[in-house]
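Asker: Could you put the whole structure together from the sequences, leaning on the hints where they help?
Okay, so the sequence shown: first residue is 11 according to my numbering, each after it adds one.
Among the hints, a few may not be true.
Claimed, not checked - Quick list of the computed label-pair ranges, beta carbon to beta carbon:
1) Met43 - Phe23: 14 to 24 Å
2) Trp24 - Leu61: 22 to 32 Å
3) Phe23 - Pro64: 17 to 27 Å
These aren't lab readings, by the way, just hints derived from the structure by calculation.
A quick note: this is a predicted structure, and the numbers were derived from the prediction, not measured.
Backbone N, C-alpha and C fix where the C-beta goes; we use that ideal spot for every residue, glycine too.
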Amino acid sequence: MNHDDNEPHVHSFWRRPAGMALATAALIAGFYMLREHWGHVLGYWPYLLLLACPLMHLMHGHGHGGHGRHPHTPGRTQDDKQ
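Answerer: In structure tokens, the structure reads:
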């Protein structure tokens, strides 16, 4: 990959001041919505927790990350694992 040092680096929307202000306002609004409707949300938390698992896999895209990348332990062979 060739990256020219002369190209100006463009920050994503969320790194700009307007994006940070929008994210901050969304967090504050989310906090007050959650605070006002905590009784309703409390009944759904087990489902939200279960929904978080596949969403995390979609966000990160690599699943459990790191399977098969562990160094081989010295002194153990494939025959020892049986």
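Asker: Work down the list of hints and note, for each, if the structure agrees.
Answerer: Taking the hints in turn, this is what the structure says about them:
no. : hint                      : verdict
1   : Met43 - Phe23: 14 to 24 Å : holds (23 Å)
2   : Trp24 - Leu61: 22 to 32 Å : holds (23 Å)
3   : Phe23 - Pro64: 17 to 27 Å : holds (26 Å)
Hint compliance for this structure: every hint is met.
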